[in-house]
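4 protein chains.
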Amino acid sequence: MSDVKKVVLAYSGGLDTSVIVRWLQDTYQCEVVTFTADLGQGEEVEPARSKAQALGVKEIYIEDLREEFVRDFVFPMFRANTIYEGEYLLGTSIARPLIAKRLIEIANETGADAISHGATGKGNDQVRFELGAYALKPGVKVIAPWREWDLTSRETLMKYCEERNIPVDFSNKKKKSPYSMDANLLHISYEGGILEDPWAEAEEDMWRWSINPEAAPDQPTYLELTYEKGDIVAIDGERMSPATVLETLNKIGGANGIGRLDIVENRFVGMKSRGCYETPGGTIMLKAHRAIESLTLDREAAHLKDELMPRYAKVIYNGFWWSEERKMLQEMIDYSQRHVNGDVRLKLYKGSVSVVGRRSPDSLFDESIATFEDDAGSYDQKDAEGFIKLNALRMRIAASKGRKF
Amino acid sequence: MSDVKKVVLAYSGGLDTSVIVRWLQDTYQCEVVTFTADLGQGEEVEPARSKAQALGVKEIYIEDLREEFVRDFVFPMFRANTIYEGEYLLGTSIARPLIAKRLIEIANETGADAISHGATGKGNDQVRFELGAYALKPGVKVIAPWREWDLTSRETLMKYCEERNIPVDFSNKKKKSPYSMDANLLHISYEGGILEDPWAEAEEDMWRWSINPEAAPDQPTYLELTYEKGDIVAIDGERMSPATVLETLNKIGGANGIGRLDIVENRFVGMKSRGCYETPGGTIMLKAHRAIESLTLDREAAHLKDELMPRYAKVIYNGFWWSEERKMLQEMIDYSQRHVNGDVRLKLYKGSVSVVGRRSPDSLFDESIATFEDDAGSYDQKDAEGFIKLNALRMRIAASKGRKF
Amino acid sequence: MSDVKKVVLAYSGGLDTSVIVRWLQDTYQCEVVTFTADLGQGEEVEPARSKAQALGVKEIYIEDLREEFVRDFVFPMFRANTIYEGEYLLGTSIARPLIAKRLIEIANETGADAISHGATGKGNDQVRFELGAYALKPGVKVIAPWREWDLTSRETLMKYCEERNIPVDFSNKKKKSPYSMDANLLHISYEGGILEDPWAEAEEDMWRWSINPEAAPDQPTYLELTYEKGDIVAIDGERMSPATVLETLNKIGGANGIGRLDIVENRFVGMKSRGCYETPGGTIMLKAHRAIESLTLDREAAHLKDELMPRYAKVIYNGFWWSEERKMLQEMIDYSQRHVNGDVRLKLYKGSVSVVGRRSPDSLFDESIATFEDDAGSYDQKDAEGFIKLNALRMRIAASKGRKF
Amino acid sequence: MSDVKKVVLAYSGGLDTSVIVRWLQDTYQCEVVTFTADLGQGEEVEPARSKAQALGVKEIYIEDLREEFVRDFVFPMFRANTIYEGEYLLGTSIARPLIAKRLIEIANETGADAISHGATGKGNDQVRFELGAYALKPGVKVIAPWREWDLTSRETLMKYCEERNIPVDFSNKKKKSPYSMDANLLHISYEGGILEDPWAEAEEDMWRWSINPEAAPDQPTYLELTYEKGDIVAIDGERMSPATVLETLNKIGGANGIGRLDIVENRFVGMKSRGCYETPGGTIMLKAHRAIESLTLDREAAHLKDELMPRYAKVIYNGFWWSEERKMLQEMIDYSQRHVNGDVRLKLYKGSVSVVGRRSPDSLFDESIATFEDDAGSYDQKDAEGFIKLNALRMRIAASKGRKF
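Top line first, the protein sequences correspond to chains L, D, A and S. Per my numbering, the very first residue in the first sequence carries number 136; after that it's consecutive. Per my numbering, the very first residue in the second sequence carries number 136; after that it's consecutive. Per my numbering, the very first residue in the third sequence carries number 136; after that it's consecutive. Per my numbering, the very first residue in the fourth sequence carries number 136; after that it's consecutive.
The hints are simulated quantities; they were obtained by calculation from the structure and are not laboratory data. Treat the hints with caution; some may be incorrect.
It does not matter which identical chain is meant; a pair holds if it fits inside one copy or across any two.
For lysine-lysine, the following BS3-like pairs were computed, each having C-alpha atoms within a straight-line distance of at most 25 angstroms [what the hints assert, rightly or not]: (1) K364 with K141; (2) K193 with K140; (3) K482 with K386; (4) K482 with K364; (5) K140 with K462; (6) K386 with K462; (7) K193 with K141; (8) K276 with K536; (9) K539 with K364; (10) K517 with K536; (11) K276 with K193; (12) K276 with K140.
Input sequences plus hints: build the corresponding full structure.
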């Protein structure tokens, strides 16, 4: 194990990753570089500096990646109307490739030969971190303490901290939560605790980002989103950056009780798990993006996207962001968005988002053809007869040859 | 045109199809058989008898098809979590194949050589009726008056009625609606009128089946659905027939403002159109079915279904219910449902449906493995290392050969 | 019918399209512009000039499109390993979009408001021509004489020619063929005649482009093809243009009896038809392209391409080359080819093509890992255990819960 | 390691698995049950009995599984026209699930708690054996000696044999081959040796099952295959069992030099490997099955099968035969075959198979419609106009709104 000289750790500043710093130093006798990113999780990242320093870390990276996160990861994913297993908006999945990328870039900058993270051996996140790392730096050594060490209970962990004078902040509110949580600008997730019984309803005080729909305003909120090439560039006419878009939608959505989700999902490692998610802004974006596409995308383009979406979602969920297949799909998706411009008007009310209008300079909606009124010859209804007859021909032949259902 | 002897007409009893009866008699000098079905549209069908008689029709079929509709069409479709273009629950599409089937069966019983319907030449319904008819009776003659006649404006139609003494019921409430509507047990749809402007918000008084979410009860409603082989067999513990299930869910859903939808969709005939839909029960069923599957379906089975769903939806939307490809997909889907048993607990509140619990005797959720607590060896975290390494291998090789993103 | 002023006709110079020139002049009282393209069909195109002049045509376009055809249509299609229904290399289908494009460009140049072609109302080619034309010039008028006129038998056609002094060349060899044929640089096709009985074997003297395998050389021919970004750029080390590549492969392939095919296919218009094809160069290209991809494409990229290929083939077969969905697929396919470089060595022998070697500077084949000998630690066999265990986990859980096959 | 009491070993009787018997006895101190199957590999299986006895094995299973292999595994797979990566007929992959099934059944019969096999840690076969085993008996212990032991070179292996008096048969012809081989009724495969260089041509004396095409008969061989529900039931009019069908086709195909293949494939474990295969009968069956389907399958049924085939092939290649997704796909495929009846006439000649005729009582080929001659009104060419116009509508609208390519 002595072949590691320097390791870059995805460091939150919390107890677990602080223990990992010390454990890496002890176990591998190596230098630890910490990397802490602000992805919009809603917690200060700067305090991680002093904690890392206290642990003897010399190279400390603390970065605000919110814009890059939304611009290069969240937005591209939403261009595909991506949902995993019909429900999940991939809030955790989409943050991992960015962290993996920065871990590797920092490893290259600092001459580190390994990376490390605090994800357990049962989850998807270990896979996402490590697939990204291997794809970007094939010779990197990955250290996953939770798969290696024997600190598998709270007691052994505490004992380890005490023996090594690792400060444990018992007042930390998050630590007292019975749930395992993860947050970034796209969502916050909850697992564990009573959620391990799929029949048990989540407790109201678990939810942190959205108000209970029952306590949301009695009046609906209207919202207008402006799209350019499939991405939101303005809210209610005000242009803003990608991260600001998402922050704003989170705030408005959360205030209207939007984006709560309670599901059982299938992990890549083979088990089912139950999770609860709050994705206020993402829930709004999905609905609105479909609406602007409904007006501006060709039918078969839309259907092709729809048929490939579950696969694209799976690629991301399973951690293959930095893969050739994801890039190929992305090329197709991005190409399809070049006319996805226009405005969507939404109504938010106590937990639900409704589209109430959409318009576009690139609209393919042709009122003169679609109308129930006189269309002045734009469409010849007699064309339909031949259309139907030839579409029916194979079935007519089959039936006339005696084929039955 | 004299080669038609007898034609079976899908007859609603309304003005348009009444005109068609007379027009068929006049134009083809043929006998007309009327067929009126109760599919749960919420209007009496029996009055169609006297109207048909008044028009000189001798063979009159009036049938309650609600159970067959839900059991053999709606339920099979919901086993696939079917949605067209990410939003539409196919309420109109799924009723057409049953009507086509009965039209043909009645044609066979009465010795008719033709069928007719009141759908226009711009829509999907003509396609659905006629593809079904041709698939089931390849030599049948199809008469689509809207594509043939010159009664293309309200005035010419009225004049035609006056000249022929066709009674026009000006007091009919539905006729005064500015919208083109279609209803059955699964949904009611609205098209035309101000909806032809996709930016215009639908007027509140358009909606007929659901209460405005803002006027819905301030307290959530909880509901428990029981599934057997993918179909709902009981609500809150009370077993009921398929049609009763859907009626019940429509009532509860509508009372909670659930199932309104406003979209622009792509028709099979090539144009975009804007439609509003109310599908209270269907909206609940979709959410609940995904929940019971999340617990009982194998991951790859679920993903296979998800990837094929858009195609299955398109097959139905385009009118190919009575096709070999629909049957093949159905075989696969139905097979997948043999363990989809159990209960789903839902919360309905002012327009939204949330899953709050799910349980099953056939659950594949393994708490002992999924737990964040000690799993007593059910899962060896070390397995994850090899799993990740081999999943990464192709990417590592590519990267080591210099491939870049 | 008098609203057409000028029409551009896809003119072969043969009897049928010569009749069409006159028929268009007579029926529409319009000017006819002829367009004759050399797509490598193996017949002189220049003679079409005097024939058109004799018919009074003033604007005559005769063009050599062979390079454009192979570079912009054939090669892009082969990047996808495209085969329709498991057998057909789309030789006819891929030429139509180019003809449609030139028809429309010429219409724009000459101020024509219509285009015309000599394809019948039963086949795929009318669809391909017209979909292309409509996609590129939505207001164009399309005249398809075979669907309009009453010259439906050989006799009426001859009579029409006699009455109008249209010169009929009875010595024309092609006319005496009992088959309907189409040829371009990619293939020659045969339909009709005894082929209308799918049980009847094609006669040996039908085949024109390839020698009977039984008469082919007794010694195999070896060949080396060089690829850059998925396209062949050199044969046996000699760089050549796209059309020259295909011409060369046709010659070598034909001499070795390669590329004959006898199939029943499903037309877009709904019927099955039987066709025989000779595609010597294309057959070699398909085999070789798969070989160079096998070495240079990532596994999942290759599988994604394979899963989408049938759809891409169908898009082209059905005539949707100039559609958004084809372009989207092409974006993905082309992107995947950026490392598809290297050489393939082939053996041709009496009708079959075998790959005997492939090499690439961008090879992803890693001998040090793949070897059966000692791999010096490149691959840790123990990783396989975890890989298998987690891949098996969902099935183990299902089986432990009593699920059976 | 002492927790294994009895292990069932897939035993070939060869050196490697003989060593494994002894190694299992030594290492696990357990009883070994041997299982040797005749899958048509072309070697006597009975000699395995005395070899096993000599190693002290008490429970010895020797079985002829050829009929089950072809009937329940090979034939179902060929119903889907299954090919992996465009080339490979899955000869090895399809045998593994049957062996896994028998290993588990024998474990259940003999009260064994473990199974073992001789596949290495680099290949696909370990995955296929083990996924099958885990799916059928989730609690089984799997022992894969090649991943555990240190006998990784020929020398250490030989030394181990000498020390333990394991008889090594130096006269064994197969052992002297420089290639790693696997054979069953569907194919024989070669890997390793000079094949590890993908540019090196396979030596002629490597091939064992087929004659060199250059040495094959100078006269073609004609063959007639009869299908029932997608499976071959007779050759040249003579009904025979599934295994006899395949044996017969192997003999005829091999004599005509048919079925050689040389590819680079992507293994599930992440690496590329080069393999050569001889699949004489399978190559014929694939071609013939497509031909009978071309006459009897509905177009969209055929296309649906084609689009899903690569996924089905991948499922089998990766070892997921005993999975829910394979069963779902199989349900769909098998359903589609209920009318796949009839005869296919083939011509075999020096390495190639050509279809020269096909006929069926369930043919969907309609000569009266397909004909180039007068069709007496079976098909109205005018229908094509409306068909094309509505298929073009979305593209016309897009173009008229200014969309460009």
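Contradicted hints - numbers only: Those not satisfied are hints 1, 5 and 6.
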